[in-house]
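S.K.: Residue numbers (the UniProt record's numbering), protein chains in the order written: chain A, 1 to 361; chain B, 1 to 361.
In case anyone wonders, no lab produced these hints; they're calculated from the structure. One or more of the hints may lead you astray.
What the hints assert, rightly or not - What follows is a set of in silico ranges between Cβ atoms, one per label pair, in the way DEER data are often shown:
#1 B:32 <-> A:319: 55 to 63 angstroms
#2 B:304 <-> A:302: 43 to 51 angstroms
#3 A:331 <-> B:188: 54 to 62 angstroms
#4 A:195 <-> B:194: 52 to 60 angstroms
#5 B:120 <-> A:40: 29 to 37 angstroms
#6 A:28 <-> B:299: 53 to 61 angstroms
#7 A:306 <-> B:188: 48 to 56 angstroms
#8 B:188 <-> A:330: 40 to 48 angstroms
#9 A:327 <-> B:122: 44 to 52 angstroms
Using N, Cα and C, we set each Cβ at its ideal position, and we do this for glycine too.
Number of protein chains: 2
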Amino acid sequence: MAEFMTEEKQRTPGAQPLDGHEAAVILERARASVDPELRAAIDSLPGSMRRIALYHFGWEHADGTPAAGNAGKAIRPALVLTAAAALGGPGAREAAGRAAAAVELVHNFTLLHDDVMDRDTTRRHRPTAWTVFGDADAILAGDALQALALGLLAEDLHPASGPAAARLAACVVELCAGQHADTEMERRGPGEITLDEALTMAEAKTGALLGCACALGALYAGASDEDVEALDAFGREAGLAFQLIDDVIGIWGDPSRTGKPVGADLVARKKSLPVVAALTSGTPAAAELAELYEVPYGKGDEEQLVRTALAVERAGGRDWAQVQAADRMARAMQKLARAVPDPEAAGGLLALAEFVTRRTS
Amino acid sequence: MAEFMTEEKQRTPGAQPLDGHEAAVILERARASVDPELRAAIDSLPGSMRRIALYHFGWEHADGTPAAGNAGKAIRPALVLTAAAALGGPGAREAAGRAAAAVELVHNFTLLHDDVMDRDTTRRHRPTAWTVFGDADAILAGDALQALALGLLAEDLHPASGPAAARLAACVVELCAGQHADTEMERRGPGEITLDEALTMAEAKTGALLGCACALGALYAGASDEDVEALDAFGREAGLAFQLIDDVIGIWGDPSRTGKPVGADLVARKKSLPVVAALTSGTPAAAELAELYEVPYGKGDEEQLVRTALAVERAGGRDWAQVQAADRMARAMQKLARAVPDPEAAGGLLALAEFVTRRTS
Chain A
1 MAEFMTEEKQ
11 RTPGAQPLDG
21 HEAAVILERA
31 RASVDPELRA
41 AIDSLPGSMR
51 RIALYHFGWE
61 HADGTPAAGN
71 AGKAIRPALV
81 LTAAAALGGP
91 GAREAAGRAA
101 AAVELVHNFT
111 LLHDDVMDRD
121 TTRRHRPTAW
131 TVFGDADAIL
141 AGDALQALAL
151 GLLAEDLHPA
161 SGPAAARLAA
171 CVVELCAGQH
181 ADTEMERRGP
191 GEITLDEALT
201 MAEAKTGALL
211 GCACALGALY
221 AGASDEDVEA
231 LDAFGREAGL
241 AFQLIDDVIG
251 IWGDPSRTGK
261 PVGADLVARK
271 KSLPVVAALT
281 SGTPAAAELA
291 ELYEVPYGKG
301 DEEQLVRTAL
311 AVERAGGRDW
321 AQVQAADRMA
331 RAMQKLARAV
341 PDPEAAGGLL
351 ALAEFVTRRT
361 S
Chain B
1 MAEFMTEEKQ
11 RTPGAQPLDG
21 HEAAVILERA
31 RASVDPELRA
41 AIDSLPGSMR
51 RIALYHFGWE
61 HADGTPAAGN
71 AGKAIRPALV
81 LTAAAALGGP
91 GAREAAGRAA
101 AAVELVHNFT
111 LLHDDVMDRD
121 TTRRHRPTAW
131 TVFGDADAIL
141 AGDALQALAL
151 GLLAEDLHPA
161 SGPAAARLAA
171 CVVELCAGQH
181 ADTEMERRGP
191 GEITLDEALT
201 MAEAKTGALL
211 GCACALGALY
221 AGASDEDVEA
231 LDAFGREAGL
241 AFQLIDDVIG
251 IWGDPSRTGK
261 PVGADLVARK
271 KSLPVVAALT
281 SGTPAAAELA
291 ELYEVPYGKG
301 DEEQLVRTAL
311 AVERAGGRDW
321 AQVQAADRMA
331 RAMQKLARAV
341 PDPEAAGGLL
351 ALAEFVTRRT
361 S
């Protein structure tokens with residue numbers, strides 16, 4: 001009887017009714033599913049590494065006392081679990097728990113390392129790990145999280161675990177190349193980057209892991225190679241949309257929601273996608289923006305900050321980013337529809353992809 | 001007929017006659033076996049990461065032109081391959097090629113990161129990667145090598161590849177904890193470290209990966225859990241012997257052979273094993289050494305350098321390290337004899353372990 005119930009559920013994936021806040025419910029469920037796996041993995045670390053990881057995930061304060069926890073929105077684990085459910089039903093979702101934790105561990109390993117390289121001092125409203133524990137420990141904790149992630153899959157006896165680990169490892173390489181391209185582009189002058197380069201970098205840095213998350217879910221659902229690739233493409237396109245919106249927020253966003261001050265990307269002279277689109281627009285505002293970007297931001301110069309944001313906007317950077325994001329979302333939907341034609345089964349992934357773009361409104 | 005020959009060889013592993021330079025022959029064979037796997041793995045990297053890896057392995061100069069190559073002594077791949085042959089014959093050695101490359105990739109990932117953290121400027125007689133490409137790129141290349149290593153095993157269809165990947169991932173975590181302990185101990189005063197702490201750190205930092213290399217070879221030979229653990233213990237003990245000898249070389253060694261200047265560890269006030277043994281000896285020389293170590297080395301003060309080395313020696317640090325190394329080697333032999341009772345089959349691993357200690361003479 002229990003087996004029949006499971007079979008029944010597998011035939012009607014995503015059939016549980018969800019209210020209007022579908023994405024929020026999915027994210028909450030994903031967080032609830034993945035947190036025990038994550039905690040168990042992190043608790044297995046030696047004390048020195050565990051301490052840094054617990055701080056980074058928001059589960060401990062710097063002094064080692066327990067904290068409420070703010071480990072982010074769990075978008076990547078939610079994509080793994082929801083993709084597994086969409087293609088294989090609740091049984092596949094259940095089986096993909098370790099894969100979801102592995103993707104989240106990889107994401108957090110890259111955050112730890114990126115913060116060191118970018119000298120970012122704030123993450124999720126708290127001081128970054130390297131500012132608290134030093135560069136060396138933040139690098140080591142990141143290394144350990146990567147090993148934990150791939151180790152989780154290696155210990156998983158599911159037949160998909162090997163291909164999933166190979167795919168996740170290849171994704172890490174792409175993430176590294178993306179971060180390299182990012183830091184390398186930041187060293188160049190404002191007129192020396194093409195929009196294609198910036199988009200390729202964003203796909204490697206952000207799209208790759210979201211695509212990999214969806215592909216891992218498909219693998220754990222036993223999907224065909226074609227469907228695995230379609231899910232990867234869905235995640236990549238949605239990931240690029242996510243990055244475009246994130247870049248818009250990095251210039252015009254609400255700091256109480258993002259944990260970053262308004263205009264942070266402009267203050268840091270970051271060549272985010274709307275900025276590169278503006279710089280390469282050939283408009284008078286592009287020239288003004290290039291001139292502003294040639295010199296470092298004068299601390300406290302609010303008026304200059306407003307002028308810079310306006311230059312990006314007048315050069316069309318904001319509109320371009322929003323149109324691009326919508327376009328990427330449309331492509332994502334196409335890929336999804338091909339792999340999961342049943343709208344009910346695809347509903348969860350659609351809701352997550354829409355959640356990503358809703359962040360602007 | 002061909003199959004019979006293979007079977008025959010598997011029953012008499014290590015039966016090929018090797019001359020007195022047995023270890024050198026084994027290391028050369030290991031380098032020849034592992035290099036094509038390593039090159040293929042590194043060639044699969046995106047250009048930005050490949051460039052740094054090729055430089056680090058000595059296969060390219062900093063400007064990207066081909067170099068003769070000096071990728072180290074291949075001790076770890078040799079341990080994987082020789083352990084596989086000892087327990088499973090030439091067929092197992094053949095099957096363990098990817099595992100050997102994976103262990104070497106992990107070793108080199110840790111070297112890239114350790115050099116960044118320790119600010120070491122020379123490795124294998126050449127400027128370290130971070131001095132050439134910057135911290136960020138050296139960190140990213142290390143991250144990519146770890147992913148390549150675990151990815152190689154994930155793609156390997158051998159039944160041992162899953163357990164091998166899980167073991168290698170766990171080993172990476174131990175290596176990170178070891179490097180953390182090392183940097184943390186370096187920040188303490190000369191009188192604030194116990195010999196036990198220093199030995200535990202050395203086991204995690206050096207013994208763990210040599211043990212893992214041997215265990216992976218045993219796994220690919222289809223060995224029992226007990227034999228896998230015995231091979232791990234053999235490698236760990238030999239690894240500690242290796243570290244003890246390496247620390248002796250770091251004080252009294254020949255720089256033309258090690259690529260480090262004489263007394264490099266003393267100049268850096270490094271709390272290597274002989275130094276900690278000397279500091280905790282309770283001798284008058286220990287007090288003199290502690291006093292010398294309290295202040296940074298005065299650049300070019302050759303006389304002070306000689307006095308420091310002499311203090312370590314008079315406090316018994318050098319003798320202790322050499323006796324400890326011999327003791328660890330004896331324990332290693334015991335572990336090996338238990339797992340591989342046939343002296344002929346164990347010959348290769350014995351030769352490698354002896355090679356490690358011969359480095360002093």
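S.K.: Please go over all the hints and tell whether each is borne out by the structure.
M.R.: Going through the hints against the structure:
1. B:32 <-> A:319: 55 to 63 angstroms: 59 angstroms, holds
2. B:304 <-> A:302: 43 to 51 angstroms: 56 angstroms, violated
3. A:331 <-> B:188: 54 to 62 angstroms: 56 angstroms, holds
4. A:195 <-> B:194: 52 to 60 angstroms: 59 angstroms, holds
5. B:120 <-> A:40: 29 to 37 angstroms: Since the Cβ atoms of residue 120 (chain B) and residue 40 (chain A) sit about 36 angstroms apart, the hinted range of 29 to 37 angstroms holds.
6. A:28 <-> B:299: 53 to 61 angstroms: The hint (53 to 61 angstroms, Cβ to Cβ) holds, given that residue 28 (chain A) and residue 299 (chain B) are roughly 60 angstroms apart.
7. A:306 <-> B:188: 48 to 56 angstroms: 50 angstroms, holds
8. B:188 <-> A:330: 40 to 48 angstroms: Since residue 188 (chain B) and residue 330 (chain A) have Cβ atoms about 59 angstroms apart, the given range 40 to 48 angstroms is violated.
9. A:327 <-> B:122: 44 to 52 angstroms: Since residue 327 (chain A) and residue 122 (chain B) have Cβ atoms about 51 angstroms apart, the given range 44 to 52 angstroms holds.
Checked against the numbered hints given earlier, the structure breaks hints 2 and 8 and satisfies all the rest.
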